[in-house]
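Colleague: Just so you know, the protein sequences line up as chains A and B, in that order. Note that my numbering has the first sequence beginning at 1, numbered continuously upward. Note that my numbering has the second sequence beginning at 440, numbered continuously upward.
The set of hints was computed from the structure by calculation and includes no laboratory data. Glycine is no exception: its CB is placed at the ideal position from the N, C-alpha and C atoms.
Quick list of in silico lysine-lysine cross-link-like pairs, DSS-like style, CA-CA up to 27 Å: (1) A/162 <-> B/723; (2) A/163 <-> A/151; (3) B/720 <-> A/162; (4) B/720 <-> A/72; (5) B/553 <-> B/618; (6) B/674 <-> A/340; (7) A/258 <-> A/162; (8) A/151 <-> B/723.
Label pairs and their calculated CB-CB ranges: (9) A/198 <-> B/825: 43 to 51 Å; (10) B/608 <-> A/261: 34 to 42 Å; (11) B/791 <-> A/30: 21 to 29 Å.
Here's the letter readout for the chains.
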Amino acid sequence: MSMGMSVQTKAFLDRTIAPPIKDAIEFDLSLPPYRRQTLSNGVEVYAIDLGNVEAMMVSWIFNAGNSWESKKGVAAAVSHLLKNGTSTRSAFAINEHFEYYGAWLNRSSHHETADVTLHCLNKHVGELLPVVAELITDSIFPQEELDIYKKNAQQRLQVSLKKSDFVAARLIDAYLYGPAHPYGVYMEQEDYQQLQRDDLVAFYKQQYLGGACRILVAGKLPADILDRLEASFGRLAIHAPAKDIALPAPAIVPATQKKYNIVNDPNGVQGSIRIARNFPNRHHPDFQKVQVLNNVFGGFFGSRLMANIREEKGYTYGIYSYLVNNIQQSALVISTEAGKEVCAPAIAEVYKEMDLLREELIDEEELQMARNFAIGTILGDLDGPFHVASRWKNILLNGLDGRYFDEGVRIIKTIGPEELRELARKYLRPEDFFELVVV
Amino acid sequence: MIKYDRFELPNGLRVLVHEDASTPMVVVNVLYDVGARDEDPKKTGFAHLFEHLMFGGSVNIEDFETPLQLAGGENNAYTTNDFTNYYIQLPAENIETAFWLESDRMLSLAFSEKSLEVQRKVVMEEFKEHYINKPYGDVWFKMRELAYKQHPYRWMTIGSTLSHIEEAQLKDVKEFFFKYYRPANAILVVAGKVTTAQVRELAEKWFGDIPAGVKYERRLPQEPPQHEARKLVVKAAVPLDALYKCYPMSARTEPGYYVADLLTEVLGGGGSSRLHQRLIKEKKLFSQIECYHTGSNDPGLVVIEGKLIKGVSMEEADKAVEEELEKLKAEPISEKELAKVKNKTESAIVFEDMSVMNRANSLAIYELLGDVNMMNTELERYRAVTAEEMLATSRRLFDPLNSNTLYYYSEK
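Go ahead and model the full structure; you've got the sequences and the hints to work with.
Modeller: Here it is, written out as structure tokens:
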């Protein structure tokens, strides 16, 4: 190939010099907007029309998370069993219908909300929406399906309880919020035995059939999508969430004891370490600022925790810190699995890194790296309709608006070392943290 | 239809470009044609350990991560039994940073003793986290050894034992690099907001002067046909009895691969699949059951694995699975069921190809398989599968003399 020959004639390449880069500050980031329309029954549809592939996602978001249940496990059971039978279709027939059209219908249950999410090719959406409508108006929760669910969920829990990371995740939430709070509560074997069909049916009627719902639709949307949604959902008893009624916000009761060592498996070779403190929610002005601080601390591969505890010491395969995505109240969590014999030094290093952030200013290059990484991540994350939809979902469910996104970008670009040190002094004090090791 | 351009540099580096102006990002994906199957049986886990060392600095660049993060980039890598793949995603304006970093580590690593020492520990923790400190974590070590007697798929990508990782030497690292990490053994894919002309110029600038190296010719021992039912019984401190069965299937590029892939969907793909419906819902023998295949380039395995309901005997559970396989072998599946698994496959392909990162990765893998255009003909190959082929393939595949069965008992 003749063009390849030109390689010989080019100037000497100095590989020690990095090519010039465009800085994060220069990138203009904006979240593509949604179009909001209202169905006849008042339910709002947020539509994100993007992309070049004939595929879409529709998400029905109900106020049906575990904050709304009066008996442990009901919200999750309803969410799971929502597609296990209507008065005219068996669980098998429902599954077969969605699978025949190559669609996925996932249900997930969180603290405040529970979602039903459909992913499908545009060409099949007409066959699928009416069946989703059937599920949210006519699910019957057959006793036999509930019995199978209870038994299988108990067996799954038995296996999960052998995993130190699973046990640690449950316990740390219980310490942070209290075991009675929806964020801290967890299932025991006997809780599954208590689940009754009547509990499920009552919850379903209240939170789904006649419940508050929002619809999010994203993809390269067909022109008639709104008409189709109106036809299938516009006349149902679902309604928009009432503007003046707050989400449940039960009392948060953190544990008084701060340090815990749990032996879950005497033969375990690693400890699951969780170090965590309560943290305000997204409405607090410090939230997005601490996200920048967290990036430097343990938010990504180039962070201090990773550089020190993995890349320098080799104590772990990975260590991260993050702000929990909760609506009522967040938490700042440091999470890692480390060799049993190096758990103590790994924890000591976590506190040392907190000390450094409280004592010393972050240097300009490191801050620039954290900034650029954060901007790059957002840029990459705005790629495609589903990512954009998930950003909007998070903003909307937290009762925020598009200004939150813009403000976040502004903070990343402008926050300085002094302010970050002030935040570290406020939020990275070891005495405020719960510390848990589960072997 | 995924469009791409393809060219080769004089040093043998294959380059693929996929232009997509709808994203502000580019993905730079470098695949090396070396995986755990190429390892010395006495030094297993090396390809993966090596992948970690690729982040420990290269000949002219001490630190890989910092400049990339400064450029707003993210990266990662993974190793399989077949190949090793590295990828970077960054804003299109900063594409040259990725070329600079990737070409320097293809030119030569720094070969630092310290990096080797730390990454040995990191990988040992990774080994513990995923395979020792987890219930059922050792299953695949045992299953691979049962199903493969000759082929190097008999060991895991992570390595067959911790000691192999512990004993890795810098000398091994150097040899491995200069044997496998040469342009002649690599595929570069650039996808996103970029043009072919731009990539050609950058590829020549940054990769053009790297010595070609000797193309590695793979000569692996092939696995002979099985012709015997194999069985292994294990007891361990796990809460539930579990059943694992696997059956050798066709290699990735053979027609039988597509049929086997659809068969796993019939058996285990979703809530309306046969194993789920019959064995969890109707007979209530399992709390969980799956069917999938290992999808490897050389002949892989169709796998059925399930956890038994307390009180169900292993023999009863095994027999019920075999009855389902017998049904598949006895009569052709209905047109409706065949259409269902094909429609599912179509959707899976469409959704997977929505991300630029996945498209870049797939282009590299199809190039590795010998024909990048396969990426655009896959769906047709699935569509062409008939009920008769499903019948014939299930008879060969699920022959009891082609079976490997593991009874994994809970130790009371």
